[in-house]
Amino acid sequence: MNLTQLRYFVRVAEMGSFSKAAIELDVAQPALSRQVRLLETDLRVTLLQRTGRGVLLTEAGKRLYDHAVSILQLVAHAREDISANRGEATGRIVIGLPPSMGRMLTLPLVDAFKQHLPRARLAIVEGLSAHIVEWISTGRVDLGLIHNPDANPAIETLHVLDEPLCLVSAAKSATKGTTKGPARKAPPPLPFTELATLPLVLPEPSHAIRKLLETQAALAGLKLNIAYEVSSVSAILELVRSGHGHAVLAPSAIAASGQAVAFRMRPLAESVLRSALCIAVSAHKPATPLLEKASRLLRELVLGSVATPVVHNRMR
4 MNLTQLRYFV RVAEMGSFSK AAIELDVAQP ALSRQVRLLE TDLRVTLLQR TGRGVLLTEA
64 GKRLYDHAVS ILQLVAHARE DISANRGEAT GRIVIGLPPS MGRMLTLPLV DAFKQHLPRA
124 RLAIVEGLSA HIVEWISTGR VDLGLIHNPD ANPAIETLHV LDEPLCLVSA AKSATKGTTK
184 GPARKAPPPL PFTELATLPL VLPEPSHAIR KLLETQAALA GLKLNIAYEV SSVSAILELV
244 RSGHGHAVLA PSAIAASGQA VAFRMRPLAE SVLRSALCIA VSAHKPATPL LEKASRLLRE
304 LVLGSVATPV VHNRMR
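Counting the sequence shown from 1 gives a position; our numbering is that position plus 3.
For the record, the hints were derived by calculation from the structure and aren't laboratory data. For each residue, glycine too, the CB sits at the ideal point set by N, CA and C. It is possible that some hints are incorrect.
[Claimed, not checked] Here are the simulated DSS-like cross-link-like pairs (lysine-lysine), alpha carbons at most 30 Å apart as the crow flies: (1) Lys214 x Lys226; (2) Lys175 x Lys214; (3) Lys23 x Lys117; (4) Lys288 x Lys117; (5) Lys175 x Lys226; (6) Lys23 x Lys65.
[Claimed, not checked] Taking CB as the label site, the calculated pair distances span: (7) His247 x Pro208: 18 to 28 Å; (8) Ser237 x Asn151: 16 to 26 Å; (9) Pro33 x Gly55: 17 to 27 Å; (10) Gly246 x Pro289: 49 to 59 Å; (11) Gly261 x Leu46: 47 to 57 Å; (12) Pro289 x Gly261: 35 to 45 Å; (13) Gln32 x Ala81: 22 to 32 Å; (14) Ala126 x Asp45: 24 to 34 Å; (15) Val113 x Pro33: 28 to 38 Å; (16) Ile229 x Asn151: 13 to 23 Å.
Make a model of the complete structure from these sequences and hints.
This is the structure in structure tokens:
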């Protein structure tokens with residue numbers, strides 16, 4: 004067993020395909036397959052189950068995957084620690100972004116790394132906040148943006164900004180409280196009691212915004228009218244734009260969609276319905292120069308991309 008075999012095995016497991024992993028690793032697929040077979044021979048177990056659509060981890064493979072990720076992370080941190088003694092921001096860093104921020108921040112992040120951290124290697128993954136927290140806890144992701152984090156001893160969070168949640172409707176649809184005409188005024192904030200009567204397109208129950216809405220509904224003794232349950236923000240907005248219901252999102256999600264003119268936003272009356280955006284890192288890993296500089300870059304990009312943020316500088 005060697006580090007190359009472990010690295011190849013982890014990448015195949017994560018990609019679910021030898022061909023895709025070979026492309027990402029820039030190695031020939033036969034050489035990649037041979038290294039994984041040598042690893043299986045050395046351990047005398049089958050690690051990957053070959054299927055017509057790719058590969059799946061066996062039970063032994065799942066156990067080795069957890070060990071391999073930890074081993075590779077330790078090796079990477081050892082390299083970074085040596086570089087840290089020289090104050091250099093080098094190495095590889097994986098940043099997790101929620102889908103609503105991925106479109107807005109990916110290009111600026113890549114450009115910022117090229118300009119300010121040219122010796123670092125950047126990888127970006129997208130996922131819901133709950134997934135990013137899990138990835139940070141297991142070492143797959145080094146730094147992430149998450150919404151409304153729950154208390155978790157495995158991560159530390161830096162509160163970057165708050166965004167008020169808004170009712171998002173198709174621009175062509177009409178809702179109560181709007182005034183038509185050339186001098187149309189901004190509608191007043193929408194009471195939660197009225198929000199609960201509208202057909203809503205919401206993400207699954209584990210999503211941070213869904214949790215906020217369900218909690219507020221329970222406190223008010225109301226039941227939300229959930230027309231559709233969809234995980235993808237882009238899919239939610241497409242349903243709203245097509246007139247299938249309304250959404251509750253932060254303004255940055257609309258800005259990131261690139262279709263702001265297709266929607267109308269109305270603020271919610273309840274001040275507690277705000278989305279907190281935080282930077283999260285592992286609570287158990289030392290802060291390297293690369294992690295610290297990447298965190299500062301990410302924070303600056305977020306504050307520069309989201310309009311009129313309410314900024315907080317507290318670690319919790």
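Each hint, compared with the structure:
1. Lys214 x Lys226: 13 Å, holds
2. Lys175 x Lys214: Since the Cα atoms of Lys175 and Lys214 sit roughly 29 Å apart, the hinted pair holds (cutoff 30 Å).
3. Lys23 x Lys117: 26 Å, holds
4. Lys288 x Lys117: Roughly 25 Å separates the two Cα atoms, so the pair holds.
5. Lys175 x Lys226: 27 Å, holds
6. Lys23 x Lys65: Holds, at about 19 Å.
7. His247 x Pro208: 18 to 28 Å: 20 Å, holds
8. Ser237 x Asn151: 16 to 26 Å: 20 Å, holds
9. Pro33 x Gly55: 17 to 27 Å: 19 Å, holds
10. Gly246 x Pro289: 49 to 59 Å: 52 Å, holds
11. Gly261 x Leu46: 47 to 57 Å: The hint (47 to 57 Å, Cβ to Cβ) holds, given that Gly261 and Leu46 are roughly 48 Å apart.
12. Pro289 x Gly261: 35 to 45 Å: 39 Å, holds
13. Gln32 x Ala81: 22 to 32 Å: 30 Å, holds
14. Ala126 x Asp45: 24 to 34 Å: Holds: the Cβ-Cβ distance is about 28 Å, inside 24 to 34 Å.
15. Val113 x Pro33: 28 to 38 Å: 32 Å Cβ-Cβ, so the 28 to 38 Å window holds.
16. Ile229 x Asn151: 13 to 23 Å: 19 Å, holds
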